[in-house]
Amino acid sequence: MEDMFGLIDKVAIVWGGGSGMGEATALRLARAGCDVAVVDLDIALAEAVAAKISALGRRAIALAANVTDEQQVDRAVAETESGLGPIGVMVTVVGMAGFGPVLDITSEQWDREQSINLKSVFLTAKSVARTMVRNGGGAITAICSVSGLTSAPRHASYGAAKAGVAHLVRSMGAELAPRIRVNAVAPGTIETQRVKATEERIAAIERRVPMARMGSVDEIAKAVLFLSSDLASFVTGQTLAVDGGWTSQFLMDAHDSSSTDKDIDWEKVSNT
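Whatever position you read off the sequence shown (first residue = 1), add 167 for the numbering used here.
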(Lines of atoms letter the chains of each structure in order from A and count residues from 1; the text may use other names and numbers.)
(Lines give C-alpha, C1' and ligand atoms only; values in the text may rest on other atoms or scores of the structure.)
Protein backbone atom coordinates (compact mmCIF):
# COMPACT_ATOMS: atom_id res chain seq x y z
CA MET A 1 0.00 0.00 0.00
CA GLU A 2 1.24 3.49 -0.88
CA ASP A 3 2.36 5.64 2.04
CA MET A 4 0.06 8.49 1.04
CA PHE A 5 1.03 10.72 3.95
CA GLY A 6 4.74 9.92 4.09
CA LEU A 7 4.42 9.34 7.84
CA ILE A 8 5.04 5.63 8.29
CA ASP A 9 7.55 5.03 11.11
CA LYS A 10 7.99 8.76 11.80
CA VAL A 11 8.02 9.92 15.40
CA ALA A 12 5.42 12.50 16.43
CA ILE A 13 5.11 14.43 19.67
CA VAL A 14 1.67 15.81 20.54
CA TRP A 15 1.58 18.40 23.31
CA GLY A 16 -1.82 18.43 24.99
CA GLY A 17 -2.54 15.00 23.54
CA GLY A 18 -4.53 13.64 26.47
CA SER A 19 -8.02 14.72 25.39
CA GLY A 20 -10.14 16.53 22.83
CA MET A 21 -8.41 17.77 19.70
CA GLY A 22 -5.06 16.58 21.01
CA GLU A 23 -6.24 13.02 21.51
CA ALA A 24 -7.93 12.96 18.09
CA THR A 25 -4.72 14.25 16.51
CA ALA A 26 -2.51 11.69 18.25
CA LEU A 27 -4.78 8.88 17.06
CA ARG A 28 -4.93 10.21 13.49
CA LEU A 29 -1.14 10.40 13.32
CA ALA A 30 -0.85 6.87 14.70
CA ARG A 31 -3.28 5.52 12.10
CA ALA A 32 -1.15 7.20 9.42
CA GLY A 33 1.89 5.28 10.67
CA CYS A 34 3.49 7.48 13.31
CA ASP A 35 4.88 6.41 16.65
CA VAL A 36 3.62 8.99 19.12
CA ALA A 37 4.71 10.66 22.33
CA VAL A 38 1.57 11.87 24.09
CA VAL A 39 2.37 14.78 26.39
CA ASP A 40 -0.17 16.22 28.80
CA LEU A 41 -0.29 18.00 32.13
CA ASP A 42 -2.39 15.05 33.33
CA ILE A 43 -0.29 11.88 33.00
CA ALA A 44 -3.33 9.62 33.42
CA LEU A 45 -4.94 11.12 30.33
CA ALA A 46 -1.70 10.78 28.38
CA GLU A 47 -1.36 7.15 29.41
CA ALA A 48 -4.90 6.34 28.30
CA VAL A 49 -4.28 7.78 24.83
CA ALA A 50 -0.90 6.07 24.59
CA ALA A 51 -2.63 2.76 25.33
CA LYS A 52 -5.06 3.36 22.46
CA ILE A 53 -2.14 4.04 20.13
CA SER A 54 -0.37 0.88 21.23
CA ALA A 55 -3.57 -1.05 20.46
CA LEU A 56 -3.30 0.27 16.89
CA GLY A 57 0.09 -1.39 16.58
CA ARG A 58 2.23 1.72 16.91
CA ARG A 59 4.76 2.57 19.60
CA ALA A 60 3.68 5.17 22.13
CA ILE A 61 4.91 6.78 25.31
CA ALA A 62 3.08 9.00 27.79
CA LEU A 63 4.80 12.00 29.35
CA ALA A 64 3.77 14.70 31.81
CA ALA A 65 4.91 18.27 31.20
CA ASN A 66 3.87 21.86 31.76
CA VAL A 67 4.32 23.45 28.34
CA THR A 68 4.92 26.90 29.83
CA ASP A 69 8.04 25.60 31.63
CA GLU A 70 11.06 25.47 29.31
CA GLN A 71 12.93 22.87 31.35
CA GLN A 72 9.93 20.52 31.36
CA VAL A 73 9.47 20.99 27.61
CA ASP A 74 13.12 20.24 26.88
CA ARG A 75 12.98 17.17 29.13
CA ALA A 76 9.92 15.81 27.32
CA VAL A 77 11.65 16.28 23.96
CA ALA A 78 14.74 14.45 25.20
CA GLU A 79 12.63 11.60 26.63
CA THR A 80 10.73 11.29 23.34
CA GLU A 81 13.92 10.99 21.33
CA SER A 82 15.37 8.54 23.84
CA GLY A 83 12.23 6.40 23.88
CA LEU A 84 11.07 6.58 20.27
CA GLY A 85 13.75 8.20 18.12
CA PRO A 86 14.24 11.49 16.23
CA ILE A 87 11.12 13.65 16.12
CA GLY A 88 9.74 14.28 12.63
CA VAL A 89 6.30 15.69 13.51
CA MET A 90 5.23 18.06 16.28
CA VAL A 91 1.76 19.29 17.17
CA THR A 92 0.87 21.68 19.99
CA VAL A 93 -2.78 21.52 21.07
CA VAL A 94 -2.74 23.68 24.18
CA GLY A 95 -4.90 26.61 25.16
CA MET A 96 -7.36 28.28 27.48
CA ALA A 97 -10.00 30.88 26.71
CA GLY A 98 -10.85 33.62 29.16
CA PHE A 99 -13.55 36.00 27.97
CA GLY A 100 -14.44 39.33 29.56
CA PRO A 101 -14.43 43.11 29.17
CA VAL A 102 -10.99 44.37 28.18
CA LEU A 103 -11.08 47.03 30.90
CA ASP A 104 -11.53 44.34 33.55
CA ILE A 105 -8.60 42.13 32.51
CA THR A 106 -5.91 42.13 35.18
CA SER A 107 -2.24 41.98 34.31
CA GLU A 108 -2.10 38.56 35.98
CA GLN A 109 -4.94 37.25 33.79
CA TRP A 110 -3.28 38.71 30.70
CA ASP A 111 0.08 37.12 31.50
CA ARG A 112 -1.52 33.74 32.19
CA GLU A 113 -3.41 33.68 28.89
CA GLN A 114 -0.38 34.78 26.88
CA SER A 115 1.71 32.12 28.60
CA ILE A 116 -0.70 29.23 28.05
CA ASN A 117 -1.83 30.19 24.54
CA LEU A 118 1.31 31.72 23.00
CA LYS A 119 4.42 31.03 25.07
CA SER A 120 3.56 27.31 25.03
CA VAL A 121 3.75 27.25 21.23
CA PHE A 122 7.02 29.19 21.22
CA LEU A 123 8.69 26.90 23.77
CA THR A 124 7.53 23.62 22.25
CA ALA A 125 8.26 24.65 18.66
CA LYS A 126 11.68 26.04 19.54
CA SER A 127 12.73 22.95 21.47
CA VAL A 128 11.57 20.51 18.80
CA ALA A 129 12.90 22.63 15.92
CA ARG A 130 16.38 22.47 17.42
CA THR A 131 16.29 18.68 17.20
CA MET A 132 14.78 18.80 13.71
CA VAL A 133 17.67 20.98 12.53
CA ARG A 134 20.10 18.32 13.73
CA ASN A 135 18.06 15.49 12.23
CA GLY A 136 17.33 16.95 8.81
CA GLY A 137 13.88 18.50 9.08
CA GLY A 138 10.26 17.93 9.99
CA ALA A 139 6.79 19.44 10.28
CA ILE A 140 5.46 21.59 13.13
CA THR A 141 1.78 22.45 13.55
CA ALA A 142 0.14 24.58 16.24
CA ILE A 143 -3.52 24.96 17.09
CA CYS A 144 -4.52 28.60 16.68
CA SER A 145 -8.14 29.87 16.64
CA VAL A 146 -10.47 31.93 14.49
CA SER A 147 -10.25 34.38 17.41
CA GLY A 148 -6.70 35.05 16.22
CA LEU A 149 -7.87 35.79 12.68
CA THR A 150 -10.87 37.99 13.50
CA SER A 151 -11.91 40.18 16.41
CA ALA A 152 -14.85 40.23 18.78
CA PRO A 153 -15.87 41.97 21.99
CA ARG A 154 -14.64 40.33 25.22
CA HIS A 155 -11.96 38.33 23.36
CA ALA A 156 -9.04 40.77 23.67
CA SER A 157 -6.56 38.66 25.63
CA TYR A 158 -7.35 35.31 24.03
CA GLY A 159 -7.54 36.82 20.54
CA ALA A 160 -4.23 38.63 20.98
CA ALA A 161 -2.50 35.42 22.06
CA LYS A 162 -3.92 33.40 19.17
CA ALA A 163 -3.04 36.17 16.70
CA GLY A 164 0.46 35.85 18.11
CA VAL A 165 0.41 32.14 17.27
CA ALA A 166 -0.56 32.92 13.67
CA HIS A 167 2.30 35.39 13.37
CA LEU A 168 4.76 33.07 15.09
CA VAL A 169 4.15 30.30 12.55
CA ARG A 170 4.62 32.79 9.71
CA SER A 171 7.94 33.92 11.13
CA MET A 172 9.17 30.43 11.99
CA GLY A 173 7.95 29.07 8.67
CA ALA A 174 10.03 31.64 6.80
CA GLU A 175 13.08 31.27 9.03
CA LEU A 176 13.24 27.48 9.27
CA ALA A 177 12.49 26.66 5.61
CA PRO A 178 13.21 24.69 3.55
CA ARG A 179 13.72 21.65 5.78
CA ILE A 180 11.25 22.48 8.55
CA ARG A 181 7.66 23.45 7.78
CA VAL A 182 5.66 25.40 10.38
CA ASN A 183 1.90 25.88 10.11
CA ALA A 184 -1.23 26.29 12.22
CA VAL A 185 -4.85 25.19 12.22
CA ALA A 186 -7.46 27.72 13.38
CA PRO A 187 -10.59 25.91 14.58
CA GLY A 188 -13.97 27.56 14.63
CA THR A 189 -16.64 26.32 17.03
CA ILE A 190 -15.74 22.70 17.75
CA GLU A 191 -17.76 20.30 19.88
CA THR A 192 -15.58 18.91 22.67
CA GLN A 193 -16.06 17.58 26.17
CA ARG A 194 -16.06 21.19 27.38
CA VAL A 195 -18.03 22.75 24.52
CA LYS A 196 -21.37 21.05 23.92
CA ALA A 197 -23.94 21.70 21.20
CA THR A 198 -26.65 23.38 23.29
CA GLU A 199 -29.85 24.62 21.64
CA GLU A 200 -28.76 28.23 22.07
CA ARG A 201 -25.32 27.55 20.58
CA ILE A 202 -26.78 25.60 17.66
CA ALA A 203 -29.19 28.45 16.87
CA ALA A 204 -26.33 30.96 16.86
CA ILE A 205 -24.20 28.71 14.66
CA GLU A 206 -27.02 28.26 12.15
CA ARG A 207 -27.16 32.05 11.82
CA ARG A 208 -23.42 32.65 11.58
CA VAL A 209 -21.74 29.59 10.06
CA PRO A 210 -22.33 28.70 6.39
CA MET A 211 -21.97 24.98 7.17
CA ALA A 212 -24.67 25.47 9.85
CA ARG A 213 -23.13 23.13 12.42
CA MET A 214 -20.29 22.73 14.89
CA GLY A 215 -17.12 21.00 13.83
CA SER A 216 -15.71 17.82 15.36
CA VAL A 217 -12.35 17.20 16.97
CA ASP A 218 -11.58 14.67 14.25
CA GLU A 219 -12.08 17.33 11.57
CA ILE A 220 -9.36 19.36 13.27
CA ALA A 221 -7.17 16.27 13.54
CA LYS A 222 -7.53 15.59 9.82
CA ALA A 223 -6.40 19.14 9.02
CA VAL A 224 -3.37 18.67 11.27
CA LEU A 225 -2.63 15.34 9.60
CA PHE A 226 -2.65 17.05 6.20
CA LEU A 227 -0.25 19.79 7.31
CA SER A 228 2.02 17.23 8.99
CA SER A 229 2.19 15.06 5.89
CA ASP A 230 3.89 15.02 2.50
CA LEU A 231 0.57 16.15 1.01
CA ALA A 232 1.48 19.63 2.34
CA SER A 233 5.14 19.46 1.32
CA PHE A 234 5.05 22.97 -0.24
CA VAL A 235 3.00 24.58 2.55
CA THR A 236 4.66 26.57 5.33
CA GLY A 237 3.96 29.68 7.38
CA GLN A 238 0.21 29.28 6.89
CA THR A 239 -2.82 29.21 9.18
CA LEU A 240 -5.63 26.99 7.90
CA ALA A 241 -9.08 27.99 9.16
CA VAL A 242 -11.27 24.95 9.82
CA ASP A 243 -14.39 26.84 10.77
CA GLY A 244 -17.27 25.88 8.48
CA GLY A 245 -16.81 29.14 6.56
CA TRP A 246 -17.07 31.46 9.58
CA THR A 247 -14.13 33.67 8.58
CA SER A 248 -15.12 33.75 4.90
CA GLN A 249 -17.87 36.28 5.60
CA PHE A 250 -18.32 39.96 6.24
CA LEU A 251 -20.92 39.89 9.01
CA MET A 252 -22.95 43.09 8.90
CA ASP A 253 -25.83 41.30 10.58
CA ALA A 254 -25.23 37.94 12.18
CA HIS A 255 -28.85 36.85 11.73
CA ASP A 256 -29.14 37.01 7.96
CA SER A 257 -25.59 37.29 6.61
CA SER A 258 -24.90 33.58 6.24
CA SER A 259 -26.77 31.07 4.13
CA THR A 260 -28.37 28.03 5.67
CA ASP A 261 -30.48 25.20 4.34
CA LYS A 262 -33.55 27.34 5.08
CA ASP A 263 -32.45 29.93 2.51
CA ILE A 264 -32.00 27.50 -0.37
CA ASP A 265 -34.55 25.29 -2.11
CA TRP A 266 -32.22 22.30 -2.42
CA GLU A 267 -34.82 20.18 -4.22
CA LYS A 268 -35.19 22.85 -6.89
CA VAL A 269 -31.42 23.24 -7.22
CA SER A 270 -30.83 19.50 -7.53
CA ASN A 271 -33.46 19.20 -10.27
CA THR A 272 -32.00 21.93 -12.49
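Read the hints as simulated data drawn from the structure, not as lab findings. Bear in mind the structure is a predicted one, so any value in this text is a computation, not a measurement. You may find that some hints are simply not true.
Calculated pairs, BS3-like style, for lysine-lysine (alpha carbon to alpha carbon, straight line, at most 27 angstroms) [unchecked claim]:
#	residue 1	residue 2
1	K219	K389
2	K293	K389
3	K286	K389
**Asked** Which earlier hints can't be squared with this structure?
**Response** none
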